[in-house]
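Protein chains: 2
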Amino acid sequence: MSTPRSPLGPCCPLGPWRASFARMTSPRLPAPEDVRQAAERLRGLVRRTPVLTSRTLDGWAGCQVFLKCENFQSVGAFKFRGATNAVRSLTDAQARRGVATHSSGNHAAALALAARQRGVPAYVVMPDNAPPVKRAAVAGYGATIQGCAPTLPAREAGLREVVERTGAEVVHPYDDARVIAGQGTAALELCEEAGPLDAVLVPVGGGGLASGTCLAAALAAPGTRVFGVEPALADDAARSLETGVLQPPRPPITVADGLRTALSERTFAILRARLAGMRTVSEQDIVGAMRRVWERLKILIEPSSAVPVAALLAEPGAFGKRVGVILSGGNVDLDHLPWCR
Amino acid sequence: MSTPRSPLGPCCPLGPWRASFARMTSPRLPAPEDVRQAAERLRGLVRRTPVLTSRTLDGWAGCQVFLKCENFQSVGAFKFRGATNAVRSLTDAQARRGVATHSSGNHAAALALAARQRGVPAYVVMPDNAPPVKRAAVAGYGATIQGCAPTLPAREAGLREVVERTGAEVVHPYDDARVIAGQGTAALELCEEAGPLDAVLVPVGGGGLASGTCLAAALAAPGTRVFGVEPALADDAARSLETGVLQPPRPPITVADGLRTALSERTFAILRARLAGMRTVSEQDIVGAMRRVWERLKILIEPSSAVPVAALLAEPGAFGKRVGVILSGGNVDLDHLPWCR
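If you're matching them up, the sequences are chains A and B in order. All residue numbers for the first sequence refer to the working numbering, where the first residue is 14 and numbers rise by one. All residue numbers for the second sequence refer to the working numbering, where the first residue is 14 and numbers rise by one.
Among the hints, a few may not be true.
Treat identical chains as interchangeable: a pair holds within one or across any two.
DMTMM-like cross-link-like pairs, simulated, lysine to aspartate or glutamate; straight-line CA separation at most 25 Å [said to hold, decoys possible]:
(1) Lys147 / Glu174
(2) Lys147 / Asp298
(3) Lys147 / Asp71
(4) Lys334 / Asp270
(5) Lys334 / Asp141
These are computed hints drawn from the structure, not numbers from a lab. Quick caveat, the model's predicted, so the values are computed rather than measured.
I would like the entire structure built from these sequences, with the hints used as guidance.
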C-alpha cells in the first residue's frame with residue numbers, strides 16, 4: 014500500500030492532503046522565522062524547562078548529552094508549546110469563538126489549558142471510551158468535552174459539528190504551522206542553553222516536534238544536525254523518508270504510545286527537506302532506556318521520550334561529541350509501567 | 014522497654030551511649046557553625062541540587078512549597094553530603110588509612126564515592142544477604158566489601174576487625190558530628206535559595222538529616238521552625254521527644270525503608286533542643302504523597318522523601334505560608350513500587 018508522492022518542497026504551500034483536519038486547517042508551511050516569533054509569543058506563558066546533564070549518561074552515550082526536559086513542561090509535555098502558540102496567534106475575534114480539536118491525549122489537555130490561560134473556550138471531541146483519567150484532566154482544565162463513537166469518522170463528524178455550531182478554530186495536534194513553530198521553541202531554548210551541538214535527537218510521531226526542531230536548528234544552529242527516532246514498530250517516517258513517499262502508519266502497538274501517529278504531508282515535507290536522518294529502535298531498547306533514565310537521573314519520562322535516548326545508547330559516539338535530546342514528556346500510567354507487565 | 018534518659022543538653026559533650034559504633038566514633042556534638050564550615054568544604058564536591066516549586070502542590074498544601082531535591086544528589090541521596098564532609102575532614106595521614114562503615118544502604122554508596130573522590134580506600138562491611146544490586150553499587154564506587162553474617166553483632170565484629178587491620182576511620186551513617194554537619198548543608202542551600210521560610214519539614218530516621226537541618230536553620234534562618242516527620246510505624250523519634258527518653262525502634266516494616274533506624278543519643282540531644290515538633294504519617298499517606306509527586310512533578314522520590322510531603326498534605330496551611338521540604342533521596346526499586354504490590 015502506498016500513497017502518491019507529495020510534490021512539495023520545503024518552502025512551497027501545501028497541495029491537497031489526506032489528514033483528517035484537511036478542510037479545516039490552513040495549508041501553510043512554517044519557516045524558521047516562525048519559531049523565533051513563537052518564542053517571543055510564548056515568553057512567560059510556557060515554562061523554560063531545564064537542560065539536564067549526567068556524567069553517567071555521558072559515559073553510556075560516548076558523548077556529552079544535553080537533555081531538554083519537556084517532561085517538566087505544563088501538562089507534562091511539549092504539546093503545551095504548540096497549543097499555546099496556536100491559541101495566542103488568534104485575533105481577539107477568533108479567540109472569542111474558541112478552539113477545537115479531537116484528541117484524547119496530551120494535545121487535548123494542552124489546548125484546554127492554553128485556552129483557559131487566554132480565557133477563551135476550548136471544545137474537545139473525545140471518544141466515549143477514552144480513559145476517565147484523561148477525560149478528567151481535560152475537563153479539569155475547563156474544556157467542554159463532546160463525546161462521540163470511538164471511530165475516526167465519528168470524531169471528524171463531531172469536530173465538524175462543533176466548528177459549525179461555535180465557529181471555533183480547529184487546532185490539529187501536529188498538522189498546523191502554528192503548532193509546529195511552537196514545538197520548535199523547545200529546541201531553540203536547548204540550543205541557546207547548551208551552546209553548539211553536533212546533533213539533536215528527537216522522537217517522531219506525527220512529526221510536529223521533529224519539524225519544529227528542524228526549523229529551530231535552521232534558525233539558531235545551522236551546523237547542528239537533527240535526527241528523528243522512531244520505534245521500529247512505528248517506522249512510518251523512516252519508510253516515508255527512505256521511499257520518498259508518505260507511508261501509512263503501522264498498527265498502533267508500540268509501547269511509545271505518543272508515537273503511534275503518522276506524518277502528515279506538511280510534516281513530511283519539512284522533514285524530507287531538513288532532517289539529517291532517521292533511526293529506529295526496538296521496544297526492548299525503549300523500555301531499557303526509559304528505566305535507565307528513571308534510575309540514574311531520577312526523572313519520569315514517558316516511553317516516547319526514551320526513544321531518542323535509546324538511539325543514543327545503541328550507537329555510542331555516533332552522533333558527535335555534544336548531542337541534545339528532546340525529552341518530549343513525562344505522562345506515564347504508573348499502574349502499568351512497561352517493566353511491571 | 015525503655016532506655017535511661019540522656020543527661021545531655023544541646024551543647025554538652027556526649028556521655029556513654031549505646032550505638033553500635035560507640036567505641037569507634039568521636040563523642041562531639043556539632044554546632045551551627047560546623048554546617049557553615051561543611052558548606053565551604055563541600056563546595057564543588059557535592060551537587061548544589063535544585064529547589065523545585067509547583068503551583069499544583071502549593072494548592073494541595075495551602076502554602077508556597079519549596080522542594081530541596083536531594084534525589085538529584087550524587088548517589089541519589091543527601092547521604093553524599095555527610096559522607097563527603099567526613100572524608101574531607103580527615104588529615105592526609107588519616108585519610109590514607111581510609112574510611113570504614115557497616116551498611117548496605119545509601120550511606121555505604123555515599124562513603125565509597127566520597128572516598129574514591131579523595132583517592133583513599135573505603136571498607137564496607139556488608140551482610141552476605143545484602144541485595145546484589147546494592148553490593149554492585151558500592152563495589153562500582155571502588156569500595157572494598159567485606160562480607161559478614163546478617164546480624165548486628167557480626168557487622169560490628171566485622172567493622173572492628175577492619176579497623177584494627179587497616180587503621181581506617183569509622184564513619185557512622187548519622188551518629189557522627191561531621192556527618193550531621195554535612196547533611197545540614199542541604200537546608201543551608203534551601204534557605205539561601207528560597208528566602209525566608211516559616212518552616213522546613215524533614216524526614217527523621219536516625220536523625221542525622223534532621224539534626225543537620227536544625228543546625229542549618231539556627232545558623233541561617235533562626236525564624237524558621239524545623240519539623241521532623243516519621244512514619245507512624247517508625248515513630249521512635251516522636252515517642253522519644255514526647256517522653257524525653259530515647260525510645261527503641263519499632264519493627265522495621267514501614268514502606269519508608271530509609272527511616273527504619275532509631276535516633277542516637279547525639280541526634281536525640283540535638284533534636285530535643287532544636288526541633289519545633291514532630292508529625293507522624295500513615296503508610297497510605299506516604300504512598301499517596303509519593304505518587305502525587307511522581308505524577309505532578311515528574312521526579313522520582315523514594316518513600317522516605319514522601320514522608321514530609323505527606324505531613325504537609327495532611328494539614329494544609331498548618332506550617333505557615335512558605336514551607337521548605339527536604340526530599341532526601343530518589344533511590345527506589347522500580348520492580349517493587351508500593352502501588353504495584
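**Message:** For lysine 334 and aspartate 141, with the copy left unspecified, which applies at a CA distance of at most 25 Å: within, between, both, or neither?
**Reply:** For lysine 334 and aspartate 141, neither the intra-copy (48 Å) nor the inter-copy (42 Å) Cα distance is at most 25 Å.
**Message:** With identical chains, the pair lysine 147 and aspartate 71 could be close in the same copy or across copies; at 25 Å between alpha carbons, which is it: within, between, both, or neither?
**Reply:** The answer is between: 22 Å across copies meets 25 Å, while 35 Å in one copy does not.
**Prompt:** When no copy is named, should lysine 147 and aspartate 298 be tagged within, between, both, or neither for a Cα gap of at most 25 Å?
**Reply:** between (27 Å within a copy, 24 Å between copies)
**Message:** Within, between, both or neither: how does the pair lysine 334, aspartate 270 come out at a Cα-Cα threshold of 25 Å?
**Reply:** neither (30 Å within a copy, 40 Å between copies)
**Message:** Within a copy, between copies, both or neither: which one fits lysine 147 and glutamate 174 at a CA-CA cutoff of 25 Å?
**Reply:** Classified as within: same-chain Cα gap 22 Å, cross-chain 59 Å, threshold 25 Å.
Of the numbered hints given earlier, the model fails hints 4, 5; all others are met.
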